[in-house]
Amino acid sequence: MTRRLLVAFAMAVAALLAAATVRAQVGFDRILRGDADMQDWLTYSGGLMGQRHSPLTQITPVNAKSLELQWVFQVRSLEKFEATPLVADGVMYTVQPPNDVIALDAATGRVFWVYPYIPSPLARLCCGRVNRGLAILDNTLYMATIDGHLLAIDAKTGGLVWNVTVSGARAEAGYSFTVAPLIVKDKVILGSAGGEYGIRGFLAAFDAKTGREAWRFNTIAAPGEKGGETWRNEAWKVGGGSVWVTGTYDRDLNLTYWGIGNPGPDWNGDVRPGDNLYSDSVVALDADTGQLKWHFQFTPHDVYDYDSVQVPVLADMPWQGTMRKVLLLANRNGIFYALDRTTGQFLLGKPFTKVTWNTGLDEKGRPQNMVPLTEEGVQVYPGVQGATNWYSPSFSPRTGLFYVSTWVDTYSTFMKRPVEYKEGQRYTGALPAMPIRLLTPGPAINRRRPEEGSGAIQAIDPKTGAKKWEYAMSDVVDAGVLTTASDVLFSGGREGYVFALDARTGAMLWKANVGGQASNGPMTYAVGGRQYVAFAAGNALFVYALRQ
Amino acid sequence: MSMRTSVLTFTALVLASSAWAQGHGYTPADIENGGQLYQANCTGCHGPDGDGVPGINLGSGKFRYGTTDDEIVKIILGGRPGTAMPPSNFSEGQAGTIVAYLRSLADSPATGPTLKGDARRGRSLFEGSKGECLACHSVGGIGGRAAPSLTEVGSSRRAIELQRALLEPSAEIRSDSRQVRVVTTQGATITGRLLNQDTYTLQLQQANGKLTLLDKTNLREITILKESPMPSYKDKLDAQEIADVIAYLRSLRGRP
Numbered sequence: 001m002t003r004r005l006l007v008a009f010a011m012a013v014a015a016l017l018a019a020a021t022v023r024a025q026v027g028f029d030r031i032l033r034g035d036a037d038m039q040d041w042l043t044y045s046g047g048l049m050g051q052r053h054s055p056l057t058q059i060t061p062v063n064a065k066s067l068e069l070q071w072v073f074q075v076r077s078l079e080k081f082e083a084t085p086l087v088a089d090g091v092m093y094t095v096q097p098p099n100d101v102i103a104l105d106a107a108t109g110r111v112f113w114v115y116p117y118i119p120s121p122l123a124r125l126c127c128g129r130v131n132r133g134l135a136i137l138d139n140t141l142y143m144a145t146i147d148g149h150l151l152a153i154d155a156k157t158g159g160l161v162w163n164v165t166v167s168g169a170r171a172e173a174g175y176s177f178t179v180a181p182l183i184v185k186d187k188v189i190l191g192s193a194g195g196e197y198g199i200r201g202f203l204a205a206f207d208a209k210t211g212r213e214a215w216r217f218n219t220i221a222a223p224g225e226k227g228g229e230t231w232r233n234e235a236w237k238v239g240g241g242s243v244w245v246t247g248t249y250d251r252d253l254n255l256t257y258w259g260i261g262n263p264g265p266d267w268n269g270d271v272r273p274g275d276n277l278y279s280d281s282v283v284a285l286d287a288d289t290g291q292l293k294w295h296f297q298f299t300p301h302d303v304y305d306y307d308s309v310q311v312p313v314l315a316d317m318p319w320q321g322t323m324r325k326v327l328l329l330a331n332r333n334g335i336f337y338a339l340d341r342t343t344g345q346f347l348l349g350k351p352f353t354k355v356t357w358n359t360g361l362d363e364k365g366r367p368q369n370m371v372p373l374t375e376e377g378v379q380v381y382p383g384v385q386g387a388t389n390w391y392s393p394s395f396s397p398r399t400g401l402f403y404v405s406t407w408v409d410t411y412s413t414f415m416k417r418p419v420e421y422k423e424g425q426r427y428t429g430a431l432p433a434m435p436i437r438l439l440t441p442g443p444a445i446n447r448r449r450p451e452e453g454s455g456a457i458q459a460i461d462p463k464t465g466a467k468k469w470e471y472a473m474s475d476v477v478d479a480g481v482l483t484t485a486s487d488v489l490f491s492g493g494r495e496g497y498v499f500a501l502d503a504r505t506g507a508m509l510w511k512a513n514v515g516g517q518a519s520n521g522p523m524t525y526a527v528g529g530r531q532y533v534a535f536a537a538g539n540a541l542f543v544y545a546l547r548q
Numbered sequence: 001m002s003m004r005t006s007v008l009t010f011t012a013l014v015l016a017s018s019a020w021a022q023g024h025g026y027t028p029a030d031i032e033n034g035g036q037l038y039q040a041n042c043t044g045c046h047g048p049d050g051d052g053v054p055g056i057n058l059g060s061g062k063f064r065y066g067t068t069d070d071e072i073v074k075i076i077l078g079g080r081p082g083t084a085m086p087p088s089n090f091s092e093g094q095a096g097t098i099v100a101y102l103r104s105l106a107d108s109p110a111t112g113p114t115l116k117g118d119a120r121r122g123r124s125l126f127e128g129s130k131g132e133c134l135a136c137h138s139v140g141g142i143g144g145r146a147a148p149s150l151t152e153v154g155s156s157r158r159a160i161e162l163q164r165a166l167l168e169p170s171a172e173i174r175s176d177s178r179q180v181r182v183v184t185t186q187g188a189t190i191t192g193r194l195l196n197q198d199t200y201t202l203q204l205q206q207a208n209g210k211l212t213l214l215d216k217t218n219l220r221e222i223t224i225l226k227e228s229p230m231p232s233y234k235d236k237l238d239a240q241e242i243a244d245v246i247a248y249l250r251s252l253r254g255r256p
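Going down the list, the sequences are from chains A and B. Quick note on numbering: our numbering labels position 543 of the first sequence as 543, and the sequence is numbered without any gaps. Quick note on numbering: our numbering labels position 13 of the second sequence as 13, and the sequence is numbered without any gaps.
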């Protein structure tokens, strides 16, 4: 190579590096536009409506078979990899469990910087030292940690901007953050996990510049507060109501919607008579003040651990003749719900798998004749892991269908046992027994019997709750779903595959065995006119694009 | 079907039925999964009957350091500081199934044959023409490969399990020991032990030991067999001989 060529090459590389590293300016206007103009992926679900639907169309049902692995990023962790990456201007940001922030080149996977964070050993987590991702605003990334901190990190340098200890989020008492925060205007919104440790859950908003708390909504109502009448004794003080999956935002209504977790203790409701608001509910809060506008409780006085933290997906659609702003939520309790998101009015509720914990919903969506637990044990469908869980669903405005990863016809045996609160210790009751192994990142051996259930990606017509198609898998599934404007659906499963389906028919388009269990939803982005799709599976991130 | 297979399967059925009847509320699958975990991780110290550590009998239904399932789960997960009991990496659900299995032990008879067996005679029966066990099983690398190795069977199987397996090998097939028979679209029949499967493929081990992957799109039939290929020794061996074979199997604790 001649000296001139070398200089030219070096300049080109420098220009590329500069383009990749300097341009990360993500104003809230860009996040708001995310649903419509998505070369990037700027928030957990891709857009603030939570649809996990991308306008990118380069990958189609016709050419998806030409998808080819571009790069792999292997995390230095054996924990489940549940983070959805963000991509802004060609740079990907993700979290290596539990709380290391990493910036990579989104086209090649080469690492720009790592911000290491060692959480307190006092952190207590029910279900793994995991993190589901970051938020970004302007040049700053936000990460909530498993030991109760909120960090702001410079997206260009990986340097710490500020680190605040969130008030009351004491790690030793079981408060932890695993959620990817949500940016609304100039605020960072997040909530606390810890529903298995007797926390009193909350959602809080923080000033993005300073980290100062702007508002707080307690997800467990105290005496004297609205909803406080649904608790008795002192049970509300340790009533759970965790928040661990990112909510959504409606710009016109200025409301932010969040799903709330189970009441505590999980599997013995005797110590907490009443409906236990706002556990297992979706709450609609004023994004500026945190004031409750409305709530809808899916599972009153839950004794099955049916957290309702699933992403509350927002969509606008004709509903019985008029356009309506709806909120769609496929619940861990096995029922698909449609609500009016302006008022919280119940519109529809229909089981999407076998449900035996109630005999039906009344006209307001309240479940009837809930099955009580006994000391001997009672078998209930769906099981303790639910009919679905944290894995993101998707809604495609093109097909009008709602897509959800489903545990089909799975059950648990729930037993009522005495339980006593002790700070920092589990406050749950007897663990329900289930035949299905919990998610692990390693290789999957599937020897389950047919009567133990299976997995599927389901496409549901949200206007009727009817199943339009189902892609059946022999094992259960913990992978979320992504759809695109070219009607391609991406997902994965426990079996080690990631795959693409036709979003209209459910037909298999492409699959690849990456040898690890997928534990969150895919995302997609474009760099230099080329569309990429990223899957977290096992302990690595796998990124695909069409063969060139 | 191998002897080991039938040992596991029959035991799972009996234990599960018993526990169900006792009202613990565990399902057969819970107990089976817990039994697999126990046998793979706990028998090294606690032994297949749960009485391997002096003064502790996990199969009695009574535990020294706890009474509730939650308390036992905590010990399984966190260990017992100051003792040889280490913490584990099980999930709570997995630990719960181990408790289910231990509870089931108390509900089933702990002892096997009432007659005292002679391991040396049992070995002769095992290796000789009366048992012909080495035609399918191996011990210490010697023997057939159609059925699982029994080199370490004594460290993980209870006497009652071994007895039931010898007498009624087809009572139930454990999920990790099921025989599957497939017919390809070309009409070929393949039989083997089902090792794993996913939406698209089956992985099995044929009688000659060959590890085989089959694409489900090329299969016309997939049948999980309900009968074990292992014969019952109910009419082949008398009660003393059964006791002798069990004594020999119980002595197989791995390579020296």
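Incorrect hints may have been included.
Here are some, though not all, of the chain A residues that point toward chain B, as calculated from beta-carbon distances under 7 angstroms [unchecked claim]:
(1) P300
(2) A430
(3) L431
(4) I445
(5) R447
(6) R449
(7) E452
(8) S454
In short, the hints are calculated from the structure, not lab data. Beta carbons are placed, not taken as given, at the ideal position from N, Cα and C, and that holds for glycine.
Hints, verified against the model:
no.: 1; hint: P300; in the structure: violated, 24 angstroms
no.: 2; hint: A430; in the structure: holds, 5 angstroms
no.: 3; hint: L431; in the structure: holds, 4 angstroms
no.: 4; hint: I445; in the structure: holds, 5 angstroms
no.: 5; hint: R447; in the structure: holds, 4 angstroms
no.: 6; hint: R449; in the structure: holds, 6 angstroms
no.: 7; hint: E452; in the structure: holds, 6 angstroms
no.: 8; hint: S454; in the structure: violated, 9 angstroms
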